[in-house]
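Asks: Here the protein sequences line up with chains L and F, keeping their order. For the record, in the first sequence the residue sitting at position 102 is 840 according to my numbering, with numbers rising by one throughout. For the record, in the second sequence the residue sitting at position 203 is 218 according to my numbering, with numbers rising by one throughout.
What the hints contain is simulated information worked out from the structure, not anything from laboratory work. Ideal placement from N, C-alpha and C gives every residue a C-beta, glycine not left out. One should not assume that every hint holds.
Stated by the list, open to error - A few chain L residues facing chain F, derived, Cβ under 10 Å:
1) Tyr816
2) Ala839
3) Asp870
4) Asn880
5) Lys912
6) Asp1018
7) Pro1073
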Amino acid sequence: MSIDLTQAALKFTPFHNRTSRACRTNSWYRWSGYTVVAEYSTTELEYTATRNGTSVMDLTPMYKYEIKGERAKEFINYFVTRDLSEMKDNTVAYVIWCNEAGKVVDDGTVFCLNQNEFKLCCAVKMQTWLKDSAEGFDLEINDVTDEIAALSVQGPTSCSVLKNYGATDLELLKPFESKNFTIDGYGVLISRTGFTGDLGYELWTNPDNAEKMWDSLMESGKHLKIRPMGMHALEMVRIEAGFIQTSTDFVSTEHALRPIRMRSPYEIGMGWLVHLNKKDYFIGKRALRYEKENGTTERVLVGLDIEGDKPAHGAVIYNKKKEDVGIVTAALWSPTLKRNIAIASLMRPYGTKIKEDIFVEIYHPEELEYKKIWATCKIVKRQFYSPERRNLVPAEVY
Amino acid sequence: MTKVYDVIIIGGGHNALVCANVLAKKNKKVLICEARDTCGGLLTNSLSNFTPDFSSKVKSEIDNISVNHTAVTSIALSETGHHLKLTGNFSEDKETLEQLAPEDVDRYFKLQKKLSLFSKTLGSFMHSSPPRILHKNFSDYFKLFKLALNVRIMGRNNFNEFARMIGLNIADELEDNFKNTLLQGLISHDAITGSNLGPRSPGSLINLLFRMANHSNSLFGGIQQVKGGVNAVIKSLEDNVIKRGVEIKTSSSVKRCIIENDHVKGVELENGTLIHADTVISSADPKSTYFCLLGTEHLDTDFKRRIKHYRAKGRVAKLQLTLKKVPEFTNLELAELSQRLVISPSIDYIEENFNYSKFENLSPEPILELSVPSIEDDSLCKNGMHIMNIQIQYAPFNVKGGWETKKTECIDNVLTTLEKYAPDIRSCIAEQELISPNDIEKNFNVTGGHWHHGEIQIDQLFMLRPIPGAAQYKTPVTGLYMCGAGTHPGGGMTGIPGKNAAHEVLKNI
């Protein structure tokens, strides 16, 4: 099958020749101007690979920016709410950043390559926001999304797969650390990061090495239950892990049309990333301090444990079956946990002070008819699934 | 570091001096750090010919200013020699207009009355800090209510007319009213002077109203000359604050503000000296204040965007000629040369000039406002010779080719234009010095070299000056204030921003 590239509205990732061959369903997903596989064969199998073996996912479309210059570290520390003044070389940090009103622009990961060079990975296009924020810092900021091919290799056997692939001593890498490897003569940066809540790694390399890398990985994992994973399965594992997704669990300030739809970090469970005692100023600090001191936070993002087995997609949440107090942003029947879980945004004090008498109104489709279910639910920690192996050092090797 | 000063004021322009005076009267220990070797900022004899007197509200709050003002006549020069001379005095102006523009007499006074009412209304907004919107604060609501009342109190017809005119261009209004092009040219000149607008640009009328509000609400009255030039005003302000115990450090350029934990703690001078104070007031323009003195690392992205987009590109240059002899102007007496002479014969003349300016070019026939002030005032002579100050309108900040190469061409254009009115001008010149907007930026530390520290336009006035969210003389950093022309109500020699800022500061210390 030949595809006329000039006619394609979406870009292909450097792995496209491999992913398209592995994709049996011809089911694609549109992601930041790229096309990536939604489902290779069946979502359940791909999900199971992540939880019981290793899954490989193409995450090239993730926006990537390099930030270089003498004041790069100072800038990063000013750009995000988290205190990164002590960030060391070859480490990674999960961060969020806000606008002047203290509303979340996006979340992502910062890679400290060295003290004058950082990389930012995120879901929303950020070039303009970065450039305008960096006014006065005299930095070089480049969008390198197309210049880096990235794969996510996740699951209990992922360390073993990567050791077979050539990443010597990888088990010693701690969570949120990264290391440069030379494998088959090409350079790969491997970071112990991921979006699955399990042991896992992310691989970053030049697009020229993409196909070689894919082939070696599949070969290395042949006996370790390796399987490419599509976007649908990713959605399952990230809900289990309790990770939030931009545009799903909150709307970026860059995308929100209505100011009231913008969310502060305290409203999306990211308060732990806001370091108001950071020595230096960071974007949104004044507004966030005001919010914290005056208790003006309106919403809260919680985990829900819902009775029954019908996933509560987009369901409305009620107090005492009467008052509308929030909405489910993501829901799933978790095959691993055997629980009906959801992430939900509630109006405070529901979810914080008032945790009783919360109901979810689920409309479950049953062959062209909707069955309305009033399900009780418990408010629980959002991190539903977090196995011990996730943070073990040395990592488990099989 | 021991605390000696309550307040440090960065810059020693007239607003800074007025601010210092108000603070010192309340027994605050004030230090003024001025980068140049003299105070005054843009208010100096080489840049300013004329000045309005301080309003009574400013005068009542500062010590007595001992200078002699004399009223100045505005003379619109005509190539035919039929110059139009207006003083702001009703009977004199009526007589003049009856001779030169008989059809326009009634309408002139009608327009003057209307504009005067509107400028008074605008002026009533000027003397307190503008209200914040959406802040759910009673005093803000009360101020907004008072403003609305002030506008509404003019009556239904005037209210409608005010609403119509607030965004209007000056050319439409003048062409509707007047036949005499010289009169149209003169009023248009005053509407666009100092701005980046042409007479047909929307909003040029509010520029005129703003000017009138600072000139006794009159079109041509209120323009004055001071014995000793504007330097005398500065000298007097300076003497007063020194008497009040204010310290002035000249040649002390401030490198940056010291910020700790979002609070200002003092300033660091270029020479490394640290001076402590819990309150710092910057009289510098908004861009210098935020980008150079404060530093962008203390500001939010959205805020930086707004400051960056604040429009502040100067379009006025100054030419000072030292004269071997006084040139002869067709149909003008010697004494009249010390008055305000304007070469801006019609609306079209200005608009054509504006076209050159729009594309960053020099006009071959620029708009000029000139005077030989030394005729009235010997003290202004230079080496025993008379001087002629010429203000050149539309001298674009980013002129194509750069000012270094364009200065000669600019001077030549001015002289060629002047020759039409004073044929012997070239033979009279001993020395010439051109100050371009870029020179103003460099020598006076004003970003963009803009007279008013930024355009006087509806989107940069009142609660939007310099930008929404920081229009109450406050900055986002606690203890750091602004008091320059970039704050409400804006530029011009009024001292109002300085006075208002002082009150805002006094509320908090």
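Asks: Now tell me, hint by hint, if it's right for this structure.
Replies: Tested hints:
no., hint, in the structure
1, Tyr816, "5 Å, holds"
2, Ala839, "8 Å, holds"
3, Asp870, "5 Å, holds"
4, Asn880, "19 Å, violated"
5, Lys912, "31 Å, violated"
6, Asp1018, "7 Å, holds"
7, Pro1073, "42 Å, violated"
In this structure, the hints that do not hold are numbers 4, 5, 7, in rising order.
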